[in-house]
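Visitor: Taking the hints into account, I'd like the entire structure generated from these sequences.
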Amino acid sequence: MQAIAIRDRDAGLAGLSLADLPYPHAAENDVVLRVHAAGFTRGELAWEGTWTDRGGRDRRPSVPGHEVSGVVAELGFGTTGLTVGQRVFGLADWTRNGALAEYVAIEARNLAPLPTGVDHAVAAGAVISGLTAWQALFDHAHLIAGQTVLVHGAAGAVGSIAVQLARQAGSRVIGTGRTGDRDRALGLGVEEFVDLEADPLEDAGEADVVLDVIGGDILQRSTALVRAGGTLVTIAEPPTIQPENGRAIFFVVEADRSQLAELAQRLRDGRLTSNVGAVRPLAEAPAAFGPDAPRVSGKTIIQIAEGW
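Residue numbering for the sequence shown follows the working numbering, starting at 1 and increasing by one per position.
What the hints contain is simulated information worked out from the structure, not anything from laboratory work. Treat the hints loosely; a few may be bogus.
Pairwise CB distance ranges (calculated) [claimed, not checked]:
hint : residue 1 : residue 2 : range
1    : D203      : G81       : 47 to 55 Å
2    : T80       : F138      : 26 to 34 Å
3    : Q265      : D53       : 16 to 24 Å
4    : S17       : E192      : 38 to 46 Å
5    : E48       : G298      : 22 to 30 Å
6    : R247      : R280      : 24 to 32 Å
From the three backbone atoms N, C-alpha and C, an ideal C-beta is built for every residue, glycine too.
Guide: This is the structure in structure tokens:
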């Protein structure tokens, strides 16, 4: 099968290449998917799981791209809850090959049914961003109606979904971003927008929940914006300081079938939109994600199979 492979840890994004790799084996409780669409996060190449398996063994050549939407082609021994021919989407294990390939083997528990009417590219684009936003707001910050949420990168992949989810939960949302992000952020439901290219972050004021996707100086300064009893949640890096009267949490997103199912329903009924900026074929993935790739507003999704 054709896949995007990476072999050289020192090559970075320039090391992505189109290759012929063996068809994947479905282990116990796995399914093999015919991949229709896949997403890739550039930071994957820095993750240890991209290069080694759970036992720490080198598993190169590795296939990146852990967001996937497709159709079940094969069931492994003991797999229940899914059927051959079913549309599904979800998150591939960090320490196994990803979905930038014609086929991928993935644990069935990491997948949820994809309703008819939700495009595979849209679904793939909502996996990591949707799960991250959901887990940040509800699992870690325990967001409730009436609270104020500050979302950094409000027009980005994670931020745009976080804004929508927070608004639907009955929260007031303040967003940050670049000058060019203002209109999109406001259109998603942000009530106030702080342009980090022109305005001090502190103009955002205090919030019950702060979602950080940036890290560095923004993360450090955000601790002062957490209200008493509030929570700062970051996916960028572990925080080195805590809010004076609140808490700061770093987490890594995990697959969750029930959360994926809820995201799928919201995508289907139009309550949620994912931030897909471009769709490219598999052969163009090295160029789409390489060091010289042009900046795209939104997430680039790789389309592999076409049709239902």
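Visitor: Flag every earlier hint the structure violates by its number, smallest first.
Guide: 3 and 6
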